[in-house]
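**Student:** Each chain is listed here by its residues.
2 protein chains.
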Amino acid sequence: MKVSTAPKLNKVEITSDFWRRYRQLVVKEVLPYQWAVMNDEADISIAADPQNNGQDKNSHAVANLKIAAGKMKGHHYGFPFQDTDVYKWLEAAAYSFSYHQDADLKKITDSLIDLIADTQEDDGYLSTLFQIDEPKRKFKRLQQSHELYTMGHYIEAGVAYYNATGNQKSLDIAVKMADCIDNNFGSDDGKIHGYDGHPEIELALSRLYEVTNEARYLKLAHYFLNQRGQNPDFFDKQNEVDGIERDLIVNMRSMPRTYYLAAEPIKDQQTVQGHAVRVVYLCTGMAYVARYTGDKDLLAACDRFWNDIVKRQMYITGNIGSTTTGEAVTYDYDLPNDTMYGETCASVGMSFFARQMLNIKAKGEYGDVLEKELFNGALSGMSLDGKHFFYVNPLEADPKASKLNPGKSHVLTQRADWFGCACCPANLARLITSVDQYLYTVTDDAILSHQFIANNAEFDNEITISQTNNFPWDGEIKYDIKNHNNIAFKFGIRIPAWSQNFELTVNGNETNAEIVDGFIYLDITNSEAIELRLDMTTKFMRSNNRVNADYGKTAIQRGPIVYAAEEADNEAPLWNYKVETAKTPSYEYDASLLNGVGVLNVKARKQVLDSIDTPLYTRIADMPEEKETTLTLVPYYSWANRSDGQMSVWLNK
Amino acid sequence: MKVSTAPKLNKVEITSDFWRRYRQLVVKEVLPYQWAVMNDEADISIAADPQNNGQDKNSHAVANLKIAAGKMKGHHYGFPFQDTDVYKWLEAAAYSFSYHQDADLKKITDSLIDLIADTQEDDGYLSTLFQIDEPKRKFKRLQQSHELYTMGHYIEAGVAYYNATGNQKSLDIAVKMADCIDNNFGSDDGKIHGYDGHPEIELALSRLYEVTNEARYLKLAHYFLNQRGQNPDFFDKQNEVDGIERDLIVNMRSMPRTYYLAAEPIKDQQTVQGHAVRVVYLCTGMAYVARYTGDKDLLAACDRFWNDIVKRQMYITGNIGSTTTGEAVTYDYDLPNDTMYGETCASVGMSFFARQMLNIKAKGEYGDVLEKELFNGALSGMSLDGKHFFYVNPLEADPKASKLNPGKSHVLTQRADWFGCACCPANLARLITSVDQYLYTVTDDAILSHQFIANNAEFDNEITISQTNNFPWDGEIKYDIKNHNNIAFKFGIRIPAWSQNFELTVNGNETNAEIVDGFIYLDITNSEAIELRLDMTTKFMRSNNRVNADYGKTAIQRGPIVYAAEEADNEAPLWNYKVETAKTPSYEYDASLLNGVGVLNVKARKQVLDSIDTPLYTRIADMPEEKETTLTLVPYYSWANRSDGQMSVWLNK
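Protein sequences appear in the order of chains A and B.
Okay, so the first sequence: first residue is 72 according to this note's numbering, each after it adds one.
Okay, so the second sequence: first residue is 72 according to this note's numbering, each after it adds one.
Mixed in with the good hints, there may be bad ones.
Just so you know, same-sequence chains aren't split out, so a pair can sit in one copy or run between any two.
BS3-like mimics (lysine-lysine), calculated; alpha carbons at most 25 Å apart, straight line [said to hold, decoys possible]:
1. K610 x K724
2. K474 x K382
3. K142 x K207
4. K471 x K382
5. K677 x K382
6. K247 x K178
7. K211 x K262
8. K549 x K561
9. K724 x K698
10. K654 x K724
11. K79 x K178
12. K432 x K561
13. K724 x K674
14. K471 x K367
15. K144 x K549
16. K128 x K99
The set of hints was computed from the structure by calculation and includes no laboratory data.
Construct the complete structure from the given sequences, taking the supplied hints into account.
**Tutor:** Right, dumping it as structure tokens:
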């Protein structure tokens with residue numbers, strides 16, 4: 072690794088009104104709520120969605136840890152990876168301390184670290200299902216066990232907690248865990264030549280490597296990536312030895328190898344396949360390891376998978392996953408809006424991947440996608456009250472269809488209290504509390520500002536950068552760079568793909584710098600006042616016409632925000648509106664609506680609804696009358712916070 | 072029942088080229104092929120569709136009968152209703168004797184009757200699964216057993232075979248069977264107060280009543296209809312007594328009561344629900360019994376269900392069933408084209424229902440729907456070679472989607488050799504061999520000619536009606552009525568909904584008779600030469616705009632034939648064409664294509680396909696160029712007889 076010539080980033084304080092609200096919400100509502108749920112102290116109902124796994128009102132996640140630690144009697148309850156709900160919550164709490172010191176919360180999290188330490192076995196192993204109920208099956212059914220996935224999530228939490236609080240125990244647990252895995256997996260004789268059914272450990276070990284500098288962890292992460300798919304029957308053979316019928320998760324054995332991204336080695340895989348969250352977690356691990364090792368095959372795979380996702384498998388909101396079967400991607404350009412999946416975790420994971428790709432290369436597209444996730448696909452996963460969550464994020468929804476057409480029963484039209492498989496709520500919480508870590512990337516020779524989330528940042532040499540704006544509602548972005556020591560560095564500002572028109576001034580003077588791979592670079596040697604004016608005109612978007620589902624339709628975007636029509640604002644059915652794309656929409660910020668959102672009013676023509684006595688099929692000569700009307704649109708992330716009803720991102724035109 | 076004043080119909084000989092080809096195909100190819108399959112003598116592969124039930128290459132249907140008759144050793148194999156494949160085939164063969172005497176086939180079918188008689192138990196019971204492997208569970212798990220469904224299918228076959236050949240044994244078996252059911256079911260103490268999970272016995276008993284005049288059978292059919300849904304937990308209680316886990320068909324227990332049409336009494340049910348084939352079989356039984364008993368509640372339910380299906384739940388091709396889950400209807404106006412079901416059997420059953428509704432009331436709509444099924448939704452179930460079959464009939468198909476999107480895996484894009492649940496192939500065969508029975512309805516005071524399938528028909532009093540035409544390709548329909556005895560009767564001719572424009576002459580003179588409920592009535596007293604000229608212009612159709620899936624699209628129809636675009640004729644993707652509905656399509660009959668079809672060429676604009684390097688989402692300002700082109704369309708029933716590829720009925724416009 073080259074040492075960067077650009078000043079090191081030390082601290083970021085988020086000042087954005089938009090994000091401060093979300094981050095305070097997580098501190099005040101989300102973390103206490105989720106802690107209560109995981110301690111079985113909240114009065115919740117669990118959504119009867121396909122991931123329910125028959126769970127009732129209990130999470131039991133903390134209880135599992137207590138039982139495994141010998142502090143409670145009982146059996147494990149829930150999914151094999153139930154522990155990870157706690158770890159992701161712990162990680163979210165750790166990040167929150169950077170902007171909200173909370174002694175009460177700290178007491179809880181310190182005790183939680185103690186509990187986890189007590190639960191961990193002497194050899195470093197930790198997975199409560201196996202410790203409590205299946206001690207002889209450790210590492211024996213990796214297709215389904217999620218043991219490395221589970222420990223990976225602890226390692227991430229432990230690293231984060233150590234970084235946030237200096238709690239040595241939290242790091243020690245992670246180190247002991249990684250050593251346990253290193254002792255059990257690898258190419259040496261006697262070790263398991265395999266990998267987990269769910270990628271995660273690769274990115275977790277990379278993060279542990281970053282904090283410990285222990286090369287073994289990076290090497291082990293690299294091993295897992297290289298080993299994946301080398302022996303496509305690895306899981307099958309393990310299952311046979313373990314007892315073929317003794318599944319840990321019903322129906323998982325029947326999933327194809329592609330579901331686990333284990334059908335072929337990564338270097339041979341040309342397109343992304345399988346479970347969407349596995350895809351983006353794997354990609355994130357690949358990007359970490361590729362960067363630290365320089366492995367060219369891995370770097371090429373990162374590019375290949377990135378392009379396949381972003382150019383051919385991603386919804387306009389950043390959501391990923393076209394089918395509920397296997398919660399999976401399907402094939403290039405297959406992006407149905409009403410039967411899709413678009414799991415919140417996949418958008419969270421895609422944010423991880425984008426951030427790591429920015430570390431590999433200063434390419435604006437990575438920042439574009441990160442922004443797309445932050446303001447749309449990921450954020451949609453949580454209600455404005457912080458206590459209701461989407462697992463599935465559709466782009467077209469209809470309560471009647473969800474209730475009465477079984478092919479859409481996985482599409483909830485109101486966020487749920489909790490899930491049997493509760494991976495999403497805490498995953499989104501940790502993204503929000505750590506969003507300050509997603510704003511800058513310091514490359515070999517530049518500071519990149521790729522997100523327009525207002526903040527005050529401190530760098531080495533007393534350099535500070537203060538970004539002020541009212542983004543995402545306004546496009547005026549101001550940078551106040553203080554550089555009293557006159558350090559020379561490059562400052563790269565992302566010009567979003569949605570703003571090909573922009574104005575940029577430095578100390579009031581227009582610049583003529585060119586865009587290089589999505590960034591404009593300024594040579595900074597003094598304190599500077601930079602003003603960027605982004606193009607916030609409303610854009611009517613279309614899909615590449617290889618996408619069947621969106622043909623002849625338009626989605627409407629303003630800045631980074633993708634808009635949606637909701638029945639709360641517009642008389643159903645929503646498909647009866649034809650947007651008039653030649654007319655300019657009006658925009659107004661409404662502080663009283665949905666915690667404050669920019670609202671679009673779009674001219675449209677609406678067909679008079681046919682009577683129920685109108686024949687089902689008639690000649691097009693008998694078209695119903697069309698009336699001039701207005702469609703009111705709200706940001707996609709804010710949908711389903713009012714009355715239950717239809718919603719659509721793609722509109723007829 | 073009033074005695075009709077109209078002459079009784081005695082015989083119909085089909086002369087239509089279109090239907091003669093199909094009927095010869097059934098005799099020459101379909102019946103021998105299906106007989107070979109059911110005897111496990113054909114080299115077939117069974118489609119890996121959701122109905123497969125794990126069956127391999129064997130049908131075993133005839134073997135089950137032989138085993139139950141003690142002529143072979145072994146166990147039952149296949150679905151509980153495997154026997155019905157044989158019975159429907161026998162029924163198809165029986166009808167074929169009316170136009171093709173075949174001594175070899177007759178030898179086989181006579182022997183089959185003997186085998187069935189040998190299989191039948193002394194008390195009349197016949198269901199090989201229970202006779203061979205579960206003798207203690209007879210009538211104990213009617214939710215899943217299909218015993219009355221199975222015996223109902225024999226009764227239909229037995230009646231048909233007796234009518235066709237005079238074979239008394241075939242009728243005796245049916246009578247004995249009905250007596251067995253009558254002894255076991257009914258309101259009397261000690262009898263089972265229940266009904267079969269799958270309607271069929273109701274229509275079968277009605278047919279037996281027609282041939283025997285035995286009122287007990289009609290009464291029993293009426294009992295089953297009235298009892299249905301009166302005790303919604305009937306199946307649950309039976310399952311408990313039988314042993315809750317001892318399912319006969321995996322997953323059937325978890326189906327909702329609506330799946331079985333057993334959630335509430337028929338008279339209370341406002342909309343159709345559940346398994347589409349159960350719906351139309353039940354409706355057919357309802358229509359029979361309503362007519363014979365005059366039961367007003369049943370008559371009202373017939374009208375209600377008919378309207379709900381035809382006005383709100385039917386595809387333009389006549390197909391029914393919007394979801395693969397439970398092979399079911401969903402809710403009003405929910406008619407997705409790519410994830411739909413549209414089972415061949417549902418269209419066959421809808422033809423039964425339509426025919427019975429014509430017996431209740433002379434309403435052209437019933438003839439319209441019957442025609443729609445015969446020329447589209449039902450006929451699509453068989454390939455032109457008679458040896459390949461569709462179970463599911465989609466209106467939009469894409470081999471890539473069927474292969475790679477699990478939500479469409481039930482949609483085959485090429486017809487299969489056979490199915491694990493092989494209900495459709497023989498069902499369609501019996502419809503085709505009996506199509507002569509679907510052309511005339513003799514009402515209280517009129518002969519109705521509601522189908523334009525050329526034929527020679529003989530009535531009482533030496534009246535003959537010869538209908539000649541080249542339908543469905545041409546719209547000139549000629550009737551030559553010979554009425555040497557100068558009998559006075561009304562002759563009703565259906566004016567199809569698709570032909571609001573028409574010309575009608577009697578002996579060369581224009582008539583000014585008005586259309587009454589879809590029919591024009593002529594008073595006949597002499598021999599007459601009638602000429603009807605139907606409107607065969609190509610029609611661009613649309614859906615009622617309450618249908619989301621078809622919004623902004625058009626389907627193209629000429630006469631009764633609904634057309635489809637196939638990749639065999641048009642460069643994919645098919646969604647990139649916009650039909651120019653203002654331009655007149657050209658039509659030409661091509662004798663060399665698909666056994667002779669009328670081909671439509673429609674003007675269209677086609678977008679140049681975006682590059683794979685084009686971003687997935689761009690501004691609509693950057694629209695791809697459109698080019699003038701022509702879309703070639705073939706009849707829907709004939710699709711998937713060439714190379715595998717995309718197909719679409721609804722086209723962008």
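**Student:** Hint by hint, say whether it matches the structure.
**Tutor:** Quick rundown of the hints versus the structure:
no.: 1; hint: K610 x K724; result: both (14 Å within a copy, 24 Å between copies)
no.: 2; hint: K474 x K382; result: between (33 Å within a copy, 21 Å between copies)
no.: 3; hint: K142 x K207; result: within (21 Å within a copy, 53 Å between copies)
no.: 4; hint: K471 x K382; result: between (32 Å within a copy, 18 Å between copies)
no.: 5; hint: K677 x K382; result: between (33 Å within a copy, 23 Å between copies)
no.: 6; hint: K247 x K178; result: within (23 Å within a copy, 81 Å between copies)
no.: 7; hint: K211 x K262; result: within (12 Å within a copy, 55 Å between copies)
no.: 8; hint: K549 x K561; result: within (17 Å within a copy, 88 Å between copies)
no.: 9; hint: K724 x K698; result: both (14 Å within a copy, 20 Å between copies)
no.: 10; hint: K654 x K724; result: both (12 Å within a copy, 22 Å between copies)
no.: 11; hint: K79 x K178; result: neither (32 Å within a copy, 93 Å between copies)
no.: 12; hint: K432 x K561; result: within (15 Å within a copy, 85 Å between copies)
no.: 13; hint: K724 x K674; result: both (11 Å within a copy, 21 Å between copies)
no.: 14; hint: K471 x K367; result: neither (50 Å within a copy, 32 Å between copies)
no.: 15; hint: K144 x K549; result: neither (58 Å within a copy, 87 Å between copies)
no.: 16; hint: K128 x K99; result: within (23 Å within a copy, 62 Å between copies)
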